[in-house]
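Engineer: On the provided structure of chain D, position chain V as indicated by the hints.
Protein chains in written order, with the numbering used here: chain D, 1 to 112; chain V, 1 to 107.
Treat the hints as calculated values from the structure; they're not laboratory data.
One or more of the hints may lead you astray.
A short, non-exhaustive set of chain D residues, derived as facing chain V with CB atoms under 8 Å [as the list claims (entries may be wrong)]:
id, residue
1, T26
2, W27
3, N31
4, H41
5, G42
6, L43
7, G58
8, V60
9, Y64
10, F90
11, E100
12, A101
13, G104
14, Q105
15, G106
Sample of chain V residues lacking proximity to chain D, with all beta carbon distances greater than 12 Å (derived) [said to hold, decoys possible]:
id, residue
16, K9
17, G66
18, S69
19, H71
It should be emphasised that the depicted structure is a prediction, and the values quoted were computed from it without experimental measurement.
Just so you know, even glycine gets a beta-carbon here, dropped at the ideal spot from N, CA and C.
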Amino acid sequence: DAEITQSPRHKITETGRQVTLACHQTWNHNNMFWYRQDLGHGLRLIHYSYGVQDTNKGEVSDGYSVSRSNTEDLPLTLESAASSQTSVYFCASSEGANTEAFFGQGTRLTVV
Amino acid sequence: AQRVTQPEKLLSVFKGAPVELKCNYSYSGSPELFWYVQYSRQRLQLLLRHISRESIKGFTADLNKGETSFHLKKPFAQEEDSAMYYCALWVTDKLIFGTGTRLQVFP
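Bound conformation, chain D alone (with noise of 0.2 Å):
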C-alpha cells in the first residue's frame, strides 16, 4: 500500500545545529508539503513543492529549507536550530490541488 512516512519520529537537538527531518511518500503524489503544529497555531505551512526542483515558501518559512530532487522526498532543513522551532512537524503530500492530502505521522522536534 501507499504511505508517506516521517523520520525520526523524535528528536532532541542543540540550539545552533543543522536539523534534517525526512519525509518520503510512496503515493507518486507531485506536491508535497511541510507543516508545524503548536498550540493555539494550529498547522502552518512551512514550504511546499509543486513537483521536483520546485520549492516554495509558506507562511513560517524563516530558519527552514527543503529540496526535491525526486518525488517521493521532501526533507526539511533547519539551517540553526532555535527553541521557537520545537514543536510536531507535519509532512503530506497530495495528487494535485483540491484533493485530498495524506499526512505523515509527526515527527516531535525539541531544542534544548
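Structural biologist: Relative to chain D, chain V alone:
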C-alpha cells in the same frame, strides 16, 4: 488575505448532545474546503470535503458562500468523536488550515 478561522479552541459536550464546530473562510475564488480530524496520537486524516456532500461518521458540513462558512455538524456526539478537528482550504495549489478545535465528548 486568504484565511481559515475556527473561533473555538475547545468544545465540550456530553454524549448524545448535538455538535457544531465552526469554520469561516476568507477567499476570493471558488473555495475547496475540507475537514480533517486528528485522533489522539494519530496522523491527520480526511473527514469530509464539501463537494462530496457525504456524511462520514455521522458528520456533515454545508458550504454557505453567503456567510463564508463551512461548519461541521453531528446530531448526536459519541465519545469516540473526541479529537482535534481542522478546517482546511485550498488556495491555488497550497492547503491552509485553521487553528483547530478540540472536541471533548464526556460520557
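Engineer: It remains to establish, for every hint, whether it holds in the given structure.
Structural biologist: Verification of the supplied hints:
no. : hint : in the structure
1   : T26  : violated, 15 Å
2   : W27  : violated, 14 Å
3   : N31  : holds, 7 Å
4   : H41  : holds, 6 Å
5   : G42  : holds, 4 Å
6   : L43  : holds, 4 Å
7   : G58  : holds, 7 Å
8   : V60  : violated, 12 Å
9   : Y64  : violated, 15 Å
10  : F90  : holds, 7 Å
11  : E100 : holds, 5 Å
12  : A101 : holds, 6 Å
13  : G104 : holds, 6 Å
14  : Q105 : holds, 5 Å
15  : G106 : holds, 6 Å
16  : K9   : violated, 7 Å
17  : G66  : holds, 22 Å
18  : S69  : holds, 17 Å
19  : H71  : holds, 17 Å
Comparing the model with each earlier hint shows violations of hints 1, 2, 8, 9, 16; every other hint is respected.
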